[in-house]
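Student: Sequence:
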Amino acid sequence: MLARFYRTFFPAADANDWEYQKTPAGTNDLPARREFAAVPVGTNIMDTSALPGSIFVATDNDTSFYTYGWNHNIVLRSNRRQIEVNIGDVLLIRGDFIIAPVGYDTNHICLHAHLDSPLSERPQDHHPQLVRVIDDTRRITDDPFCLVWNCTFKGNAVSLRRHVIRFHGIRFRRMVRRVRLENVPRIVAP
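The numbering used here applies: residue 22 is where the sequence shown begins, and numbers increase by one.
A portion of the hints provided could be inaccurate.
[Claimed, not checked] Ranges of calculated distance between the beta carbons of each label pair, as one might list FRET restraints:
hint	residue 1	residue 2	range
1	TRP170	SER141	38 to 44 Å
2	LYS175	ILE108	16 to 22 Å
3	GLY190	VAL111	33 to 39 Å
4	ASN94	MET67	43 to 49 Å
Keep in mind the hints are simulated off the structure, nothing from the lab. These figures come from a predicted structure and were not determined experimentally. All residues carry an ideal CB built from backbone N, CA and C; glycine is no exception.
With these hints in hand, go ahead and build the complete structure from the sequences.
Tutor: See below:
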């Protein structure tokens with residue numbers, strides 16, 4: 022039934038190992054994880070079938086995931102984006118995409134399966150890799166928000182500067198003034 026959805030992005034994939042993932046009430050946010058480390062060397066990184074993927078089907082409203090992007094050894098909390106899905110919504114991700122389920126006040130159940138590709142194998146005893154999240158938003162300065170209109174980024178001075186350079190192309194010049202000491206008598210020791 023869902024094959025027509027996931028085969029749009031993963032043409033040769035088959036959904037295997039369907040399971041219910043339950044997040045009990047009162048659970049904190051779960052750790053960030055990814056299914057596979059990276060695309061094998063020599064493979065086109067833009068090929069969606071280079072790695073197995075995952076499919077999530079929401080069975081409750083307001084099911085949320087934190088997403089961090091691809092191929093990082095560590096992830097920064099300032100790069101975290103939240104995706105919310107409702108009953109029946111389908112979320113497809115590639116195996117190297119970093120995702121973290123969100124904790125809830127009530128029980129939440131989500132249907133999950135692996136999208137196995139004929140080009141790559143998933144071991145039978147496969148477990149996701151946990152990825153370390155570094156909180157770079159702890160020491161927030163007076164104005165921790167991005168200066169670009171409608172940008173929702175928030176972080177400390179260093180992460181804010183990196184964000185503005187990386188995502189908006191704004192470069193900063195160091196305004197260090199050098200004082201030239203001309204016509205100033207020098208003190209020479211006897």
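Student: Does each hint fit the structure? Answer for all of them.
Tutor: Taking the hints in turn, this is what the structure says about them:
Between TRP170 and SER141 the beta carbons are some 42 Å apart, a value that agrees with the proposed interval 38 to 44 Å. Checking the proposed 16 to 22 Å range against LYS175 and ILE108 shows it is violated: the Cβ atoms sit about 30 Å from each other. Distance hint check: the CB atoms of GLY190 and VAL111 are about 34 Å apart, consistent with the given range 33 to 39 Å. Evaluation of the 43 to 49 Å hint for ASN94 and MET67 yields a failure: the beta carbon distance comes to about 21 Å.
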